[in-house]
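If you read the sequences in order, they're chains P and Z. Here the numbering used here is used: the first residue of the first sequence is 135, the next is one more, and so on. Here the numbering used here is used: the first residue of the second sequence is 135, the next is one more, and so on.
Hints are not guaranteed to be accurate.
No distinction is drawn between identical chains; accordingly, a pair holds when it is met within one copy or between any pair of copies.
[Stated by the list, open to error] Cross-link-like lysine-lysine pairs, in silico, PhoX-like; alpha carbons within 25 Å at most: (1) Lys318 to Lys347; (2) Lys379 to Lys178; (3) Lys426 to Lys368; (4) Lys492 to Lys798; (5) Lys424 to Lys347; (6) Lys178 to Lys299.
Think of the hints as simulated: they come from the structure by calculation, not from any bench.
Next come the chains, spelled out residue by residue.
Protein chains: 2
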Amino acid sequence: MDFSSFLTSLATSFVIFVILMLLFTWLSRKPGNAVVYYPSRILKGLDAWEGGSRTRNPLAWIWEAFSSTEQDIINVSGVDTAVYFVFLTTVLSILVLSGLVLLPVLLPVAATARTLTTVNGTSKGTFNDLEKLSMGHVEEKNPRLWAFLIAAYWVSFVSYFLLWKAYIHVSGLRANALMSPEVKPEQFVVLVRDIPPVTEGRTRKEQVDSYFKSIYPETYYRSMVVTNNKEVNKIYDELEGYKKKLAHAEAVYAESKTLDKPEGTRPTTKTGFLGLVGEKVDSIEYYNEKIKELVPKLEAEQKVTLREKQQASALVFFTSRVAAACAAQSLHAQMVDKWTVIDAPEPRQLLWTNFTIKFFERELRQYVVYVIVALTIMFYMIPIGFISALTTLDNLKKFLPFLKPAVNIAAIKTVLEAYLPQIALIIFLAMLPKLLLFLSKAEGIPSESHAIRAASGKYFYFTVFNVFIGVTLGGTLFSTFKQIQKDPGSLVTVLADSLPGNATFFLTYVALKFFVGYGLELSRLVPLIIFHLKRKYLCKTEDELKEAWAPGDLGYATRIPSDMLIITIVYCYSVIAPLIIPFGVVYFGLGWLVLRNQALKVFVPSFESYGRMWPHIHMRVLASLLLFQVTTFGYMGVKKFYYAPFLIPLPIISLIFFFVCKKKFYRSFCNTALEVACCELKEVPNMEQVFRSFIPPSLSSEKVDEDQFEDALSQVSRMGSFAA
Amino acid sequence: MDFSSFLTSLATSFVIFVILMLLFTWLSRKPGNAVVYYPSRILKGLDAWEGGSRTRNPLAWIWEAFSSTEQDIINVSGVDTAVYFVFLTTVLSILVLSGLVLLPVLLPVAATARTLTTVNGTSKGTFNDLEKLSMGHVEEKNPRLWAFLIAAYWVSFVSYFLLWKAYIHVSGLRANALMSPEVKPEQFVVLVRDIPPVTEGRTRKEQVDSYFKSIYPETYYRSMVVTNNKEVNKIYDELEGYKKKLAHAEAVYAESKTLDKPEGTRPTTKTGFLGLVGEKVDSIEYYNEKIKELVPKLEAEQKVTLREKQQASALVFFTSRVAAACAAQSLHAQMVDKWTVIDAPEPRQLLWTNFTIKFFERELRQYVVYVIVALTIMFYMIPIGFISALTTLDNLKKFLPFLKPAVNIAAIKTVLEAYLPQIALIIFLAMLPKLLLFLSKAEGIPSESHAIRAASGKYFYFTVFNVFIGVTLGGTLFSTFKQIQKDPGSLVTVLADSLPGNATFFLTYVALKFFVGYGLELSRLVPLIIFHLKRKYLCKTEDELKEAWAPGDLGYATRIPSDMLIITIVYCYSVIAPLIIPFGVVYFGLGWLVLRNQALKVFVPSFESYGRMWPHIHMRVLASLLLFQVTTFGYMGVKKFYYAPFLIPLPIISLIFFFVCKKKFYRSFCNTALEVACCELKEVPNMEQVFRSFIPPSLSSEKVDEDQFEDALSQVSRMGSFAA
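The whole structure should be built from the sequences, with the hints applied where relevant.
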C-alpha cells in the first residue's frame, strides 16, 4: 500500500465519521428518536434532555461526557462500566506519555538516518514517506538503534506505573461498591454445588438445612434447592408467548375500530405451523383459551418441579454479609469435591443449568473446551492467511481477471487497496463471539458475567494470534511457512522481520476502527433503522415497543478483545513505527468520549460483577506488552544490533510485575474481603425479599403460597437474628 | 562387585542385626535401662513393662507391635505417627503386590533369555549370577521384553490404587483428629501477619481488637500482639541456666555430706569465662545472688517488651472452632498483602521470629532459598560422583599405593569392596539436614512442623538427585559427562543405560540400611551409652537425668527422605532387576516393626500437625514412580525395543493421578473443613487457658497480673458468648 492510498483511506474514514456525527446531532434531537438515543435515561424515568441539551449547541453531548464524574458513571451504569473507563483512561495515558517522548525523539532519528547512504546510492530498498519515519529506515548495527532500545524501556515503565495505579484504583472501586450500605441480595447468598447423594428417608432440603444449620447456627437463614427447570421453563415460555400474542391481537382489534367501522375486525390466526397452515380461528378467543389451558398446567408442573426435580445443588441464604463472604471462601467438606461453595452471582445472571455439573466434570469440560479453542485458533489462522494473501490487488487481478478493468480505474483501485483486506478481516471476526460464549458456558461456569469474561479471554487470544500474527506473517506466509516449520524458534524473528512491512496496513485498520466504528456507535444508525421499521410494521403494544428500543449493554465479550487488539497493534509498533501512537491515542480518546455518552444515555448494563473484569483486562494488557517486548527484541536482532540483549530484562520484569500484581490484588477480586463485607447496612435486610429475588420467574407465582415453597425452596424457622 | 562380596556384605549385615537384636533383648530387660527403652511410657506415668513383657519371652515386643492398632498409635504418639505408618504399610503393600507378580514371572524370563546365545558363543559380556536375573540379561529387541513392559504397568497401577486408598484413609484420620471433642488450643486461634502501620494516637492492640471485633462481633475473644522477645529470651535463658546450676550445686553439696563429713563441702565455681578463670566463689551463694539479680531484671524487661516491642503481627483468639477455621481461610483486607490470616500452629511449634517477616519478603526469601538449594543440589553432585569413582578398589590401589598390601588380603578386600562406597555416602549425607532445616526456617515459615516438611522435601530432592542419579552416573561419570553436556536430553538414556550395572551396589545399600540401620534403631545403643555416661559423670539432679534420657521424636525431616530414597531405588530397579523387591519388602517390613515398637515405647512427638505430612509423602512417592516410569522407558529404548512407546501413557497417567488427588484432597490438609470444625466439644472451652497456653515461657510469670497483659496481650471485655 502506498502513501496516497493510505491518505485516501484516512480521508474517507474521516469524512464518514463527520457525516455520522452530523447525523447523530440531527437525529438525536427529534423527539421520536429519544428512545434510541436516551433509552437509559427513559428507563430510569428521567427526562431525556435533562438540562436542556436539546436546545443548546449540537456539541453539548461532548461537554456532558467530559463533565461527568466517575461516580456519575457508577450511579448510572455500575462499577463494571466505570472499570471499563479506567481501562480506557489508563491505556490513553500510557499512549500519551509514550507519544510525548517517542514522537519528538524517534521520528527525527529515523527520518535522518539514511541521508548519507542514499547519497552514496547504496540504499537497498525504496522507502515511501511513511516508512522513512520508522525503525526500518535505520541501518543495521547503527548506534541510532540505542534510541529505540531506550524507547522500549520508557514505554514499558510508563505502562507498569499506570497499570499499578489503575489496579489500586479499581480495587478501591470494587471495595466501595461491595461495602455499600444498600442491601444487595447476592451478598447474602452462596451457591452450593456437588452436594453428596441424599441418605434414605431424608429430603434434599433437610440435608442442606441440617448441614448448614450445624455450621452456621446463628447466621443461616434458609436454602433454595436447585431444580431441573427445563420442563417448567418450556411451559412458562409458551404461556408468556401466548400472553404477548393476545395483547398484540387485542391491540390490532382496537386499532381496527375506526370511526367508519366501530365494531372493528376481529383478527384471525391459523392454528398450524407458524400460523401459516391449519384451521382459521378468532385470535383473541384462541389465545385466551390457550392461556386458560396452560395456567393450570404450569402450576402443576411447578409443583412437580419443586417436589421431584431437585438437583444436587442449592442456594443458601445468610442473614449477614460477613457470614456469606466467609462461607464462600471456606472449605466445607473434608473431600474438596463435595459441598463446594462459591459466591452466588446476581439473580439475573445465574446460569441454572450449569449448577448441577459435578466437580471433576467441570474440570474435564474446562480442559476439553481449552483444547477446542486452541484448535479453533490454530485452524482459523490458515484461512486468514489465505485471505490476506489473496486480497492484495495484484493477486485479485491474477485470480479474478474479469475484475481487471474495474480495478484499473484509479479511484476504485485506491479504495479497494485501502479497504479490501480490512473488510474481509472484520466480517471474518464477526462470526466468532457467539461460538466462544457458547463454549465458555459449556465449561460449566455458573454466572453470565464469568462466562462473558471467559469468552472475552478466548476472543483476545484468537484476535492476537489470528489477526495480528496471522496478518503480519500472512503477506509472507508461503515463503516463511517452511522456515518456521524447520525451526519453530524462529517465529519471533520472522514475526519481527515482517512487522515493519505491515505498519501501514495496521494504521489503516486502526483508523477505520475508530472513525467508522465509533461513528456508527455514536449515531446508532442500525438500531435506529431497526426500531423505526419495527415500530411501523410490527409493534402494536407498549411492551412490544419497549422491546424494540431495548438498548442492550456495552458488550464486553467483544468490545474488550477488540480494544485489546488495538493495544497489541499499537504497542508492537510503538517503537518500530512510532507514527502509530497518535492513531492509538485518537482511538482510545474518541472511544472514551463516544462510550461515555453511550454509557450515560444509552446502554443499560445486563449484569454487575463489581469490577471482576479488571484482573482479566490487566493481564491481557500485560500480555500485549510482553509481545511488544519480545517482538522489539526480535526486530533488534534482525537489525543486528549488538546491544539487543539489553532488552532481555524487560520481559522478565513484566512477568515479575504480573506475579506481584496477582499476589497483591487478585484474591480480592475473586472473593469479598471481610473488612469490606463487615460494613454496616443502611437497614436491616428484608430476607424474604432477598430470597424471593432468586426464585426464577418460571417458578414464581403470586398464587404459590408458603406451603408450596416447603419443597425445594426450603423454609426453616427463622430464629437467627436479622442483624448483619 | 562380584557375587561373593555381595553375599559377604549381606551376611555381615545380617550378623550385625542379629547381634543388635540380642543386645536389645538383653539390655531392655534391665531396670536401669528402662528410661532408654520405655521413655514414652514412663513420661506418660505408665509402667514400663506393662502386661509383664519383662518376664515373657524375648520376642514379646514383636507381638506387642503387631497387636497394636492404629488407634493405639494415635493415642500414644499422635496422628503424624499414624500417618507415617500408613505410609510404611502402603509402600509395603505396593512392593508385596508387585513382587508377587514380578518375581515368579520376570526372573525365569530373564534367566532363560540367553541360553542359546551363550551356546553359540556370541555372548558379549560376562554376567555374574545376580545379573543373570535382571533385564540386562535379555537381548536387544527380544519379544521377552513385553513381560517387562507389562510389569511396569502392573507396578504403576498397584501404586495408584493403594495410594488412592491411603489418601482417603489419611484424610479420614485427619478429619477425626480435628473433630475430636477435646479442646485443642490451636483450633481456636489464628495467626495474623502483615498488620498495616498503626495510626497516630492508637495502640497496636486497639487496632487489632477493633479490626477483628467489627468483623466477628460474636465470636472474637481477644488478641495477643507478637512482641520482639530477643532481649527477654536472653535474660530468661540466663536465669534458667543459673537455676539449673544452683540445683546442680545443691545436689553436689548434699552428696558431699557423707557420714564421715556431715557438714559436707560447699562447691565452688570461678566467675570468669566458662567457669575456668576468675575469682573463686561459693557456687550456691553466687548462683542465688545471680538469680536475685536477674529476677527483677526479667520482670522489667517483660514489661518493656510487652509495652514497647510490639510487632506487626498478632495471635487472635476466637470462642468457636468454626469461627477460627473460617477466619483462617478468608480474605480479610482488600489488599491481599495486608492482614494475612492463617491457621495458628500449636503453641510449642511457633517460630516467633518469623511472624514479622512481610508478605513479599516471604515470597522473595522463598525464591532465594529455592535457588540456594538448587545450587547445593547441583554442586554436591560433583563431589559425590568423585567419591563414588574414587572408592572403587582399583582406584584406591592406584591413588593410595601404600594400601596395596592390606587390600590384597582376601577378607579385607571383600569387606572394603562391599562397604567403602556406601559408608562414604552415608557419612556424606549426615551433614546436610541441619543446613536444609535452617534454610527452610529462613523462608519465613511460621511453624516448626511446616519447616520440617519443607526441609524434608529439599532433602528428598537432594538424595534422589545426588545419591541415586549421582551414584548411578558416577561410575561412568567421566565418560558420560561429555555426552550429557553435548545433548542434555540424553540424560534419561545415559541414566537408564547405567542402571543395571549399579543394581548390586544398591542391593547392598538397601541391605545395609535395614539390617544395620534398624538394628541400631531398635537397640538404641548410642542413646544408651550416652545416657549411662551422663548419669555417671554429669547428672546430679532429677531434671538433669530426665534431660539425659529425653527420647526425641521420629525425626521426619531425615527419616522420610531416606525412606523415599529406598522407594526410589526399589521402584527404579523393580522391573530392571526385580530381585531388589524382596529387599525393599524387608526394609519396609522391618522398619514397620522396629518403628512400631519405638513409637509405642520410645519416641515422644515434638509436635502434632494432624497428618499434614501426608500430601508431601504422597507427592514424593509419585515423583519416584514417575522417575521409575521414565527410566524404564529409557532402558527399553536402550534395549531397542520397538514397542517401548507403549510406556509413554504411564507418566501421563501419573501426572493426571497427581492432579486429581491434589484437587480432591489437598485443600483439606491446608485448611480445616468447616463440617469437621463444627463438631461439638466435650466441654465449653476455657478461653483463658487457651490464651495462656500461647504465652511464651519467657513472658509468662505467676506474678504478671492482668494489668500488665493490657499491653501486648490485649484484654477486651469478654462479652462474646463462650458457646462454640
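Tested hints:
{"no.": "1", "hint": "Lys318 to Lys347", "result": "both (23 Å within a copy, 23 Å between copies)"}
{"no.": "2", "hint": "Lys379 to Lys178", "result": "neither (27 Å within a copy, 84 Å between copies)"}
{"no.": "3", "hint": "Lys426 to Lys368", "result": "within (16 Å within a copy, 88 Å between copies)"}
{"no.": "4", "hint": "Lys492 to Lys798", "result": "between (31 Å within a copy, 12 Å between copies)"}
{"no.": "5", "hint": "Lys424 to Lys347", "result": "neither (44 Å within a copy, 60 Å between copies)"}
{"no.": "6", "hint": "Lys178 to Lys299", "result": "neither (33 Å within a copy, 60 Å between copies)"}
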